[in-house]
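Number of protein chains: 2
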Amino acid sequence: MIKFLLDYSSGVPVYRQIIDQIRFGITSGQLKPGEQLPTVRALAVELKVSLNTISKAYRELEIKNILETQQGTGTFINNTEQAVPDKEREGKLEEICVQFSSVALSYGFTLGEIVQELKNIETSKKL
Amino acid sequence: MIKFLLDYSSGVPVYRQIIDQIRFGITSGQLKPGEQLPTVRALAVELKVSLNTISKAYRELEIKNILETQQGTGTFINNTEQAVPDKEREGKLEEICVQFSSVALSYGFTLGEIVQELKNIETSKKL
DNA sequence: AGCATTGTACTGCTGTTATACTACAAAGAT
DNA sequence: ATCTTTGTAGTATAACAGCAGTACAATGCT
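Protein chains in written order, with our numbering: chain A, 1 to 127; chain B, 1 to 127.
Simulated from the structure, these hints should not be mistaken for laboratory data. Predicted, not measured: the structure shown is a model, and the values here were computed from it. Treat each hint with caution, since some may be false.
The list treats identical chains as one, so a pair stands whether inside a single copy or across any two.
[To be verified] When the alpha-carbon atoms are kept at most 25 Å apart in a straight line, the in silico PhoX-like pairs for lysine-lysine are as follows:
id, residue 1, residue 2
1, Lys-3, Lys-92
2, Lys-92, Lys-119
3, Lys-32, Lys-3
4, Lys-92, Lys-56
5, Lys-56, Lys-32
Given only the sequences and the hints, what does the whole structure look like? Please build it.
Structure below.
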């Protein structure tokens, strides 16, 4: 079962943090296709947020075909894996990296620092 | 002169992104004490945001004694050194890297690929 | 059939973010 | 003195985020 962590000081909306963590959890293998997510009510209580906030996150992921919801039963990770063409994949990688590095540099961080931090994240994830 | 970059998809308020980039810009040496910042009107036009938004960011930084404003003249970096604490700087680095990696991983990229791409960007910049 | 569980939908409310627009105030140059 | 540039202050408006509360709908279990 995935553990959600909210950062209220980041300014990032709660429902978006939940969305990101689910997506991240899927690609990192923490969440597997078919697995059931916490119920909207359970997660609302656990994270001490409103039922609507969880519902909003789940609904957006359902629209993107990442989750599948069954009323009365629960919410599940969708089975469909969508393959992306190599060319598009490469372009996307460059695009998001360029954009990210621009932002990070504007905060005054060097690419060296960024790369190091990403490696830290990588190692801490494997534990 | 510092270059501001806004990320509208991050969920972080524009005025806060400006605040952060100025603060971290000072710490990294991109902005030096006494240096003049863009005028509220100029920056509003450049970033295509409202005058109020820039003003809000500048005002908050003035309250914190990071900026000094002189009506009719402009806004300047305060001389008193106000380096961002190491802990906060580290935290910010981690925050943006975690968020970025979350997005990048959700696209199916590995951290290895991402690091490689960032290094490519680094070398291509030096040419 | 009845019940509990689950997701959905809605209203009302608060606070934040951001916009547009207008007007005023202080400094400097002419 | 006048004009321009600068920051400041205000109103009004809209969108979004989040909460509380209520009610409804579908599923599955007993």
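Hint by hint, here is what the structure shows:
1. Lys-3 - Lys-92: So Lys-3 and Lys-92 pass the 25 Å test inside a copy (19 Å) and across (22 Å) alike.
2. Lys-92 - Lys-119: This pair counts as both: shortest intra-copy Cα distance 21 Å, inter-copy 16 Å.
3. Lys-32 - Lys-3: For Lys-32 and Lys-3, the Cα distance is within 25 Å only inside one copy (14 Å; across copies 42 Å).
4. Lys-92 - Lys-56: For Lys-92 and Lys-56, the Cα distance is within 25 Å only inside one copy (21 Å; across copies 27 Å).
5. Lys-56 - Lys-32: within (21 Å within a copy, 44 Å between copies)
Hint violations for this structure: none, all hints satisfied.
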